[in-house]
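Go ahead and model the full structure; you've got the sequences and the hints to work with.
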Amino acid sequence: MIQARDVVKTYVDGDGTQVRVLDGMSLDVTEGEFVAVVGSSGSGKSTLLHLLGGLDVDYRGDISVGGVKLRGLGDKALAHFRNTHVGFVFQSFHLIPNLSAVENVLLPSHFGVAPPDARKRAEALLERVGLGAKKDRAPVRLSGGERQRVAIARALFGKPRLLLCDEPTGNLDAATGTGVIALFQDLHREGLTVLCVTHEERMSAAAGRVLRLKDGQLVEERAGLQVATGGSP
Amino acid sequence: MRLDALSRLVRLSLARERKGAFFSAFGVAMGVGALVFFVGLGLGVGAVIREKVFPTDARLVDVVPPAVSLGSLLGGGTLDAPTVERLRELPGVEAAYRKMNVRVPAVTRYDGVFFGTRLRMGMEVLALGVEPALVQGDVQMGEFKDAGEGQPIPALVSTRLLELYNKTFAPARKLPQLSANMLVGFGFPVEFNRSYVAAASASGPTQSGQAQVVGASDRALLAGITIPLDAAIRLNRAFGVDAENYSGVTLVATDPSQVPVIVDAVKGMGLEIDDQERRMAENSGAAVALTTSALALLSLLICILAAVNIAHSLSASVRARAKEIGVMQAVGASRADIRAIVLAEAAVVGLAGGAAGTIAALLLALGVNRLAAGYLPNFPFKPDSFFSFPWPVVAGGVALGLLAALAGAYFPSRRAAATDPARTLAG
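Chains as they are written, first to last, in the numbering used here: chain A, 1 to 233; chain B, 1 to 427.
For the record, the hints were derived by calculation from the structure and aren't laboratory data. All C-beta atoms, glycine included, are put in the ideal place defined by N, C-alpha and C. There may be inaccurate statements among the hints.
[What the hints assert, rightly or not] Listed below are the simulated DSBU-like cross-link pairs for lysine-lysine, each with C-alpha atoms no more than 30 Å apart in a straight line:
#, chain 1, residue 1, chain 2, residue 2
1, A, Lys-134, B, Lys-323
2, B, Lys-323, A, Lys-135
3, A, Lys-120, A, Lys-134
4, A, Lys-76, B, Lys-323
5, A, Lys-214, B, Lys-323
6, B, Lys-323, A, Lys-159
[Stated by the list, open to error] Pairwise CB distance ranges (calculated):
#, chain 1, residue 1, chain 2, residue 2, range
7, B, Ala-294, A, Val-19, 52 to 62 Å
8, A, Thr-10, B, Arg-414, 23 to 33 Å
9, A, Val-19, B, Ala-418, 19 to 29 Å
The structure is reproduced here in structure tokens:
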């Protein structure tokens, strides 16, 4: 599913110093894996996620996701890639406040080919994450856990093969986080490839493989425990 | 990006930022409204000047003999029959109409009932003879031709003279308002070779006659009467003055573009062009155009300010929505999609502002016309409407609103499209 080779990512910080965030990192993720990426703050986890999701293409090396080589893709092709190949889940949910839950889930349909049953599909996804009854609520009227479930439903709308999650439980309390982790496990069991950047021990424990980044390099790779966290709602 | 999706996102965004959108549209409406109003006013007043005050036909060239020239001293530079034939043969000339002044003074003394009012008046009369074909379209009674001595002379009065009479003379003297139709058939006595002005007195016997109004014409002499050319020739012969050379010739060009060529050729023949009326029309038109342009420029400035306001407003909006834009990019929006959303928001604001401004200008013009009709004195050439709004002005107003908004949105849309989703969505 993912092949990354000798990926180098640098940026210039406020002082004009060039900082190497990823330093020749290589990575392979096979289809259907549940991978947790851990590491201290500034180790390059989120940057890796952005590169793999086609949000940032300013790097050296080669990245291929689902058979699509990201380097050299034009803006339109990259947008199409994000619309159809990957789903993002962020720590801060990033829901659009004046859209209802179901409209947030429908957001990807505005930028791609909308299936004829788009709304039905969005409602089914909300049902899937346990929010069928709250589909018309604005994000402000949902709890943190519920907002993250809406964000997950939105990430799944384009039927992606890869789910990229950036600290998805970072803003949730323990109980709510557990529910979200269980949801990821369910999705993984259904065949979705999940790559999750996390500080959360329980998330690492739930994953099949754990990668540790340090100073932009992959320093450790171990099998996860795949600890079951209980069923999703 | 599909149109329905774009429309939905724009609607949502404008609904959220309706206050800012309202003020932006208001700014556009002010600029567009002022521009449409002043352009409409300029066009309206310009039309009054062209069509009523100085009605000029772009195809007509009035040729007169030179006031003083070596040619005239030597017997040349006159408008005799052969010269008229040469003028008629000039390239680009479709027709040539001769004119001759009655070269003796004339007066009228009226003592009787004038359309229901007792009137006793005497005044000098200038008479110009013209070829009937030049004014045939304005003749409302009988044929415009000389019926011979002892018969009433058909006369045309100037429509502008009629307007001046109705708006100034008649109210001041409590005389009735007249229309061309009312005047047709009205007869008045004329004494030729007589003058109230000592310097213009002619020697020899006078000749009394009757003139009968047969219509009103833009081409008639402003201060006097216009009679058939044959009548003028007959009178001049009777009093032994020049009845061979014409006072002027009106040339009709095949096309307005031929006029400069004809003018050059006429001047080359040692003759002059009487373009006083045309120049006055052009000068008045230029004054109106200059004033309108200054006001239109001011209005354009308001439009530019409105565009700057939209730029500021959208820039702030784009900054505030950076995360939202990042999310859209994450779920599949391209840079072009983001640019389209921002530009479409501006387009809606611009179209709404442009349409509102244009409608406001039309309503204001209607109000001004009503006020003018009710409160302004009835001065000469007072039009029913001071405004003219041809469809390009109306459509142009709306289009200008759109353009101003799109211009204002140009940089914010680029900035929005350049949003780095990785940076805005981090953390």
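Against the structure, the hints:
| no. | hint | in the structure |
| --- | --- | --- |
| 1 | A/Lys-134 with B/Lys-323 | holds (24 Å) |
| 2 | B/Lys-323 with A/Lys-135 | holds (22 Å) |
| 3 | A/Lys-120 with A/Lys-134 | holds (14 Å) |
| 4 | A/Lys-76 with B/Lys-323 | holds (20 Å) |
| 5 | A/Lys-214 with B/Lys-323 | holds (28 Å) |
| 6 | B/Lys-323 with A/Lys-159 | holds (23 Å) |
| 7 | B/Ala-294 with A/Val-19: 52 to 62 Å | holds (58 Å) |
| 8 | A/Thr-10 with B/Arg-414: 23 to 33 Å | holds (25 Å) |
| 9 | A/Val-19 with B/Ala-418: 19 to 29 Å | holds (21 Å) |
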